[in-house]
Amino acid sequence: MENNIKELRKKMNLSQKELAKSCSVSRQTINAIENNKYDPTLQLAFQLASILETPLEQLFRYEGKHL
Amino acid sequence: MQFFIQVLVIALWVASIGWITGKKEYPVGPNDDERKKAIKDRSMIQSWITLLLFLLTNFLFDRFSINEEVPSLSSANLELFYLIVALVSYLIFYLINSRKLSA
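Those protein sequence lines, which keep their order, are chains A and B.
Okay, so the first sequence: first residue is 1 according to this note's numbering, each after it adds one.
Okay, so the second sequence: first residue is 68 according to this note's numbering, each after it adds one.
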């Protein structure tokens, strides 16, 4: 699953640590999500969308096969 | 003595399950963030699969009488052996998964 968290985070002048703190997760979690190594839970995805003031569907995109 | 061992095992179970899963639902243990919980969940599944493979191998060896010449472990040692397999494989997979999802 692709995402544009890194771009939006930089636009808002937030560091990984600051974003992690506002979501109550570790900096490594944010780093893993940004590098597409880890797919967040729906709860964390909504939290990220809320903090980055972006609709969820614009934050994440799935480019795999449609069912 | 048997009663105390059972109480000790239950206490150990309550204490360890929280640490192994990292979930706040359990009375003891850390409240890990979701990445760490995912690492622990994966490690647990991989550890159980490793243990099942050991059991399957042992069963097949016994079924086809392959290990007749190998000195067999007593039942107490066998339980300890599988316990060690489960714990060691959990730690190995925990390290592998942590490295995969590291910064």
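Because the hints were derived from the structure by calculation, they are not lab data.
Keep in mind that the hints are not guaranteed to be accurate.
Unchecked claim - A few chain A residues facing chain B, derived, Cβ under 8 angstroms:
(1) Val-25
(2) Ser-26
(3) Gln-28
(4) Asn-36
(5) Lys-37
(6) Tyr-38
(7) Thr-41
(8) Ala-45
(9) Gln-47
(10) Ala-49
(11) Leu-52
Unchecked claim - Simulated crosslink set (DSSO-like; lysine-lysine; CA at most 30 angstroms straight-line):
(12) Lys-103/B with Lys-6/A
(13) Lys-65/A with Lys-90/B
(14) Lys-10/A with Lys-37/A
(15) Lys-6/A with Lys-17/A
(16) Lys-91/B with Lys-167/B
(17) Lys-167/B with Lys-104/B
(18) Lys-37/A with Lys-103/B
(19) Lys-104/B with Lys-21/A
(20) Lys-90/B with Lys-167/B
(21) Lys-17/A with Lys-37/A
(22) Lys-37/A with Lys-167/B
(23) Lys-90/B with Lys-104/B
(24) Lys-6/A with Lys-90/B
(25) Lys-65/A with Lys-104/B
(26) Lys-167/B with Lys-6/A
(27) Lys-91/B with Lys-17/A
(28) Lys-167/B with Lys-65/A
(29) Lys-104/B with Lys-37/A
(30) Lys-103/B with Lys-17/A
(31) Lys-21/A with Lys-90/B
(32) Lys-10/A with Lys-104/B
(33) Lys-21/A with Lys-167/B
(34) Lys-103/B with Lys-65/A
(35) Lys-90/B with Lys-11/A
(36) Lys-91/B with Lys-103/B
(37) Lys-91/B with Lys-65/A
(38) Lys-10/A with Lys-167/B
(39) Lys-167/B with Lys-17/A
(40) Lys-21/A with Lys-91/B
Predicted model only: the values in this text are computed from it and were never measured.
From the three backbone atoms N, C-alpha and C, an ideal C-beta is built for every residue, glycine too.
Status of each hint after checking the structure:
1. Val-25: The hint holds - Val-25/A has a Cβ within 8 angstroms of chain B, the shortest such distance being about 4 angstroms.
2. Ser-26: The hint holds - Ser-26/A has a Cβ within 8 angstroms of chain B, the shortest such distance being about 5 angstroms.
3. Gln-28: Check passed: Cβ of Gln-28/A comes within 5 angstroms of chain B, closer than 8 angstroms.
4. Asn-36: violated (11 angstroms)
5. Lys-37: Nearest chain B Cβ about 6 angstroms off; hint holds.
6. Tyr-38: Cβ of Tyr-38/A sits 6 angstroms from chain B, so the hint holds.
7. Thr-41: holds (6 angstroms)
8. Ala-45: Cβ of Ala-45/A sits 11 angstroms from chain B, so the hint is violated.
9. Gln-47: Result: violated, 10 angstroms to nearest chain B Cβ.
10. Ala-49: Result: violated, 16 angstroms to nearest chain B Cβ.
11. Leu-52: Violated: closest Cβ of chain B sits about 17 angstroms from Leu-52/A, beyond 8 angstroms.
12. Lys-103/B with Lys-6/A: It holds: about 21 angstroms lies between the C-alpha atoms, which stays within 30 angstroms.
13. Lys-65/A with Lys-90/B: Outside the cut-off at roughly 33 angstroms; violated.
14. Lys-10/A with Lys-37/A: Within the cut-off at roughly 19 angstroms; holds.
15. Lys-6/A with Lys-17/A: holds (12 angstroms)
16. Lys-91/B with Lys-167/B: holds (24 angstroms)
17. Lys-167/B with Lys-104/B: Status holds; Cα separation ~14 angstroms.
18. Lys-37/A with Lys-103/B: Holds, at roughly 13 angstroms.
19. Lys-104/B with Lys-21/A: Distance ~17 angstroms between Lys-104/B and Lys-21/A Cα, so the pair holds.
20. Lys-90/B with Lys-167/B: Within the cut-off at roughly 21 angstroms; holds.
21. Lys-17/A with Lys-37/A: holds (18 angstroms)
22. Lys-37/A with Lys-167/B: Since the Cα atoms of Lys-37/A and Lys-167/B sit roughly 8 angstroms apart, the hinted pair holds (cutoff 30 angstroms).
23. Lys-90/B with Lys-104/B: Holds, at about 7 angstroms.
24. Lys-6/A with Lys-90/B: With a Cα-Cα distance of about 28 angstroms, the restraint between Lys-6/A and Lys-90/B holds, given a limit of 30 angstroms.
25. Lys-65/A with Lys-104/B: Satisfied, since the Cα-Cα distance of roughly 28 angstroms is no more than 30 angstroms.
26. Lys-167/B with Lys-6/A: Since the Cα atoms of Lys-167/B and Lys-6/A sit roughly 20 angstroms apart, the hinted pair holds (cutoff 30 angstroms).
27. Lys-91/B with Lys-17/A: holds (23 angstroms)
28. Lys-167/B with Lys-65/A: Roughly 25 angstroms between the alpha carbons, so the hint for Lys-167/B and Lys-65/A holds.
29. Lys-104/B with Lys-37/A: Within the cut-off at roughly 15 angstroms; holds.
30. Lys-103/B with Lys-17/A: holds (16 angstroms)
31. Lys-21/A with Lys-90/B: Since the Cα atoms of Lys-21/A and Lys-90/B sit roughly 19 angstroms apart, the hinted pair holds (cutoff 30 angstroms).
32. Lys-10/A with Lys-104/B: Within the cut-off at roughly 27 angstroms; holds.
33. Lys-21/A with Lys-167/B: holds (22 angstroms)
34. Lys-103/B with Lys-65/A: holds (29 angstroms)
35. Lys-90/B with Lys-11/A: Measuring from Cα to Cα gives roughly 33 angstroms; hence the hint is violated.
36. Lys-91/B with Lys-103/B: holds (13 angstroms)
37. Lys-91/B with Lys-65/A: violated (36 angstroms)
38. Lys-10/A with Lys-167/B: holds (25 angstroms)
39. Lys-167/B with Lys-17/A: holds (20 angstroms)
40. Lys-21/A with Lys-91/B: holds (18 angstroms)
Consistency with the previously given hints fails for numbers 4, 8, 9, 10, 11, 13, 35 and 37, ordered from lowest to highest.
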